[in-house]
Amino acid sequence: MKKPVKSWLVASSVASLLAVPGVSFANAEVEALTKDTKNFATWGGNYAGTRYSTLDQINFKNAKHLQPVWTFSTGMLRGHEGGPLVINDVIYIHTGYPHKVYALDQATQSVLWEYVYAPDKGTDQSQVISVMCCDVVNRGLAYGDGKLFLAQGDATLVALDAKTGKVVWKVKNGDPKTGMTATNAPLVVKDKVLTGISGGEFGVRGFLAAYNIKDGSLAWKKFSMGPDDEVGLDPASTMTWTDGKMAPVGKDSSLKTWQGDQWKIGGGTTWGWYSYDPELNLVYYGSGNPSTWNPVQRPGDNKWSMTIWARDVDTGEAKWVYQMTPHDEWDYDGINEMVLVDQEMTAKDGSKHSKLLVHFDRNGFGYTLDRVTGELLVAEKFDKAVNWATHVDMKTGRPQVNPKYSTQHGGQDVDTKGICPSAMGAKNEAPVTYSPKTKLIYIPGNHTCMNYEPFEVEYTAGQPYVGATLNIFPAKANVKTGEKESSNHMGSFTAWDPATGSIAWQVDEPFSLWSGMVSTAGDIVVYGTLEGYLKVRDAKTGEELYRFKTPSGIIGNVSTWTYNGKQYIGVLSGIGGWAGVGMAAGLEGDTEGLGAVGAYKGLSSHTKLGGVFTVFTLP
Amino acid sequence: MMTKTGLISAGFAWLLTAVAAQAAGDAFKVCADPNNPPYSDQKGGGFENKIAELFAKELDKKLVYTWFPQRMGFIRNTLKAKEPDSEEYKCDVVMGLPAGYDQAATTKPYYRSTYALVYVRKKGWDDIHSAAHLDALSPDRKAKLRIAMFDGSPATTWLLKHKLVEQGVPYQSMTADATINTAQTLEKELLAGKIDMAIVWGPMAGYLVHHNKPGTFAMIPMQSEEGVRFDFPMSMGVRIPDKARKEQLEALIDKKAADIEVLLKKYHVPLLDKDGKLLTPAEE
Chain P
1 MKKPVKSWLV ASSVASLLAV PGVSFANAEV EALTKDTKNF ATWGGNYAGT
51 RYSTLDQINF KNAKHLQPVW TFSTGMLRGH EGGPLVINDV IYIHTGYPHK
101 VYALDQATQS VLWEYVYAPD KGTDQSQVIS VMCCDVVNRG LAYGDGKLFL
151 AQGDATLVAL DAKTGKVVWK VKNGDPKTGM TATNAPLVVK DKVLTGISGG
201 EFGVRGFLAA YNIKDGSLAW KKFSMGPDDE VGLDPASTMT WTDGKMAPVG
251 KDSSLKTWQG DQWKIGGGTT WGWYSYDPEL NLVYYGSGNP STWNPVQRPG
301 DNKWSMTIWA RDVDTGEAKW VYQMTPHDEW DYDGINEMVL VDQEMTAKDG
351 SKHSKLLVHF DRNGFGYTLD RVTGELLVAE KFDKAVNWAT HVDMKTGRPQ
401 VNPKYSTQHG GQDVDTKGIC PSAMGAKNEA PVTYSPKTKL IYIPGNHTCM
451 NYEPFEVEYT AGQPYVGATL NIFPAKANVK TGEKESSNHM GSFTAWDPAT
501 GSIAWQVDEP FSLWSGMVST AGDIVVYGTL EGYLKVRDAK TGEELYRFKT
551 PSGIIGNVST WTYNGKQYIG VLSGIGGWAG VGMAAGLEGD TEGLGAVGAY
601 KGLSSHTKLG GVFTVFTLP
Chain H
1 MMTKTGLISA GFAWLLTAVA AQAAGDAFKV CADPNNPPYS DQKGGGFENK
51 IAELFAKELD KKLVYTWFPQ RMGFIRNTLK AKEPDSEEYK CDVVMGLPAG
101 YDQAATTKPY YRSTYALVYV RKKGWDDIHS AAHLDALSPD RKAKLRIAMF
151 DGSPATTWLL KHKLVEQGVP YQSMTADATI NTAQTLEKEL LAGKIDMAIV
201 WGPMAGYLVH HNKPGTFAMI PMQSEEGVRF DFPMSMGVRI PDKARKEQLE
251 ALIDKKAADI EVLLKKYHVP LLDKDGKLLT PAEE
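These protein sequence lines are chains P and H, in that order. Note that the UniProt record's numbering gives residue 189 to position 189 of the first sequence, counting from 1, and the numbers run on in steps of one. Note that the UniProt record's numbering gives residue 98 to position 98 of the second sequence, counting from 1, and the numbers run on in steps of one.
Computed list of lysine to any residue pairs in SDA-like fashion (alpha-carbon distance at most 20 angstroms, straight line):
1) H:K161 / P:D261
2) H:K142 / P:D261
3) H:K163 / P:V296
4) H:K62 / H:A251
5) P:K608 / H:E87
6) H:K82 / P:G610
7) H:K161 / P:P295
8) P:K177 / H:I180
9) H:K142 / H:K161
10) H:K161 / P:V296
11) P:K264 / H:K194
12) P:K437 / P:A521
13) H:K163 / P:G300
14) H:K256 / H:E58
15) H:K142 / H:V169
16) H:K161 / P:P299
17) P:K384 / P:P403
In short, the hints are calculated from the structure, not lab data. None of the values given here were measured: they were computed from a predicted structure.
Could you put the whole structure together from the sequences, leaning on the hints where they help?
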């Protein structure tokens with residue numbers, strides 16, 4: 001696949017010309033569905049992942065009158081991530097592994113069909129569960145071409161008939177026996193469905209795969225690290241931010257940054273979210289942390305883990321890449337969503353940009369890039385408690401690491417204390433929302449720090465080695481200023497200006513926010529909390545307008561749509577995931593669940609397990 | 001959250017016995033991996049199985065297992081998991097955990113081992129009798145060397161420190177396949193000549209020696225050095241509040257110390273005393 005620039009360009013344009021007849025224009029269909037506000041047709045509400053709706057029936061004036069109008073139990077206890085899709089009046093909800101999918105009829109509030117996961121012959125469910133690090137969550141469904149797509153925990157991608165729930169095709173995207181699992185929300189683009197892979201803990205080499213929507217055959221598969229052809233890098237035409245400008249990545253840009261063959265178990269998994277720009281024909285996503293966890297054992301930048309990717313959807317070739325956290329020492333998994341924002345902005349050097357990509361990384365920096373070129377425009381802390389790096393050098397694009405918080409610098413026997421953010425990140429996987437009305441992004445923030453203590457751990461029976469134990473606790477520093485404070489809050493609702501990289505305003509939340517937000521033309525922002533509240537805030541001021549306690553903690557994403565001309569809001573509750581794994585799995589020790597349990601043990605007095613879908617509207 | 005299918009694959013017949021034994025309240029309930037030699041397997045062939053048998057006999061209790069692959073989620077799916085609709089835990093004791101492991105209360109160590117370098121004899125490496133010999137290899141021999149490199153193992157840190165990482169062939173420390181065990185994989189790849197040597201945890205090195213004709217494998221225990229720790233004490237684990245059971249196990253560890261040592265030696269596990277001195281000669 002290594003081609004000179006010219007022939008690569010010709011090849012891709014010929015391919016797209018040839019592809020026109022007979023192609024399923026699933027993207028045109030999905031685009032049309034997302035533009036009709038009666039639907040919520042993708043994980044992000046649209047290809048740009050803004051999670052913004054032009055609906056304004058429910059607005060900042062009347063939101064206080066909201067009421068829950070119907071509920072539906074999923075019958076499953078473990079964590080419920082992801083959110084409902086609403087397509088042509090049918091609501092589709094799903095559960096974690098082993099999955100169920102329900103198609104719900106809004107007229108009768110009853111089940112149209114139900115899909116129940118059945119393992120393939122030879123798939124042992126306890127084996128699959130034993131390789132899923134952080135509960136058995138799933139981030140949601142995708143729709144296109146009359147099919148619903150689900151990336152199942154055992155790394156099979158299944159296409160269901162949206163009318164009947166029957167399996168149309170199923171493809172093996174990875175083998176749980178090698179540590180591969182799936183938790184991502186797929187995305188349908190053109191005649192393809194995109195999906196990634198989880199399993200960084202096992203040294204799975206991450207990739208993004210595109211399957212043909214008609215039959216599930218593989219269109220392309222591109223890895224996060226390794227030889228140029230397998231990664232989909234063209235040494236001459238794939239660009240990256242270098243010395244204050246975009247420059248070609250050059251030959252073997254990934255291989256050169258690993259020692260020996262370590263890239264083969266290099267991590268960089270792709271379990272988050274994918275966005276798409278139809279005009280540029282590019283898909284955007286992030287790759288996760290390098291493997292192994294122990295940074296001492298993998299010298300080098302470990303490219304392209306922790307990287308923002310822009311790939312051509314037809315070929316999978318990377319147009320540009322930007323690595324956020326070279327040589328990760330903190331597990332700042334780079335998979336959070338990419339939001340495609342169309343907004344005029346003038347960069348610090350005076351250049352003008354209008355097609356932006358905004359990303360809030362676990363590492364605590366909010367990035368704005370030109371999504372056409374990949375130029376770095378803004379990289380600022382969206383939580384000022386962040387201390388592992390002083391700032392991002394805008395010329396090199398590299399974070400300036402504070403040696404005091406370098407877990408590697410600390411060495412094998414040193415407990416590095418007070419690193420902010422914790423490995424859970426200043427924001428975890430729950431997607432933000434962008435309102436073109438306020439020009440602000442609303443961030444579900446996670447305001448925690450960690451002690452990172454090397455410790456004898458064992459994964460495989462009776463084999464000790466030195467790994468790391470995490471203790472996670474409230475940051476106790478002001479989100480806006482970084483000054484010390486006594487408050488024990490672990491969450492933040494933050495409004496962010498992507499053009500300037502500054503916090504517009506911010507509201508403390510008691511627990512980390514783990515729920516994807518939605519904003520609307522009614523100038524409201526809606527999200528859930530770990531205690532189980534669905535909350536509505538004023539998009540301009542942050543004032544809380546409404547709250548309702550749902551039956552369990554919310555780690556799911558909020559959707560909004562209309563039915564018979566009336567606007568509804570819906571969310572899945574069901575505590576679990578990393579934040580809730582302690583509760584979901586009955587852990588007790590402070591450092592269990594990769595450090596989550598100690599920090600979140602207060603949760604059990606607020607909420608209990610159980611998946612419930614709740615629908616709200618005005619009376 | 002074990003499903004019906006999961007139960008069947010874990011051995012349905014066995015579970016019936018488990019329930020019966022619990023009802024009688026006279027079971028020594030062990031959480032174990034069904035396929036992890038030399039530690040444990042479903043046929044009871046591992047040294048942890050043998051020690052469990054010894055303890056159960058001593059306590060005059062029936063030995064009952066809950067099987068689950070021992071890796072992420074093991075403790076939450078075994079030691080801390082309750083039987084459905086019951087206050088009874090699935091099992092009470094994990095036979096092998098590193099001392100101080102924080103998801104369980106660990107007993108005083110019942111053995112201390114170290115990582116060891118292993119290779120197949122008569123394949124051109126027989127002149128290597130210590131780790132230092134690897135350092136001293138001539139450049140052309142070094143260039144030919146293929147040595148297993150396990151994700152996260154102290155051996156990998158050692159390879160990096162000794163500039164041998166270019167010779168490393170990456171393997172997963174934590175096998176994701178419940179039907180394949182790391183020691184078995186290594187045995188296969190070493191015998192097939194896919195790799196020349198490996199530095200692995202003592203009991204696994206012992207497995208290679210024990211499981212093959214005498215003299216097939218060379219085993220050279222590694223010594224800890226600045227920045228690389230190879231020796232670790234191993235304990236048994238119980239639920240953190242379960243103090244009485246911990247004391248009971250510690251009394252048994254003391255009482256049966258001699259038997260345990262004989263057993264571990266039979267499995268060719270390189271053993272260290274509490275000061276870190278090698279107890280057994282480098283057995284091969």
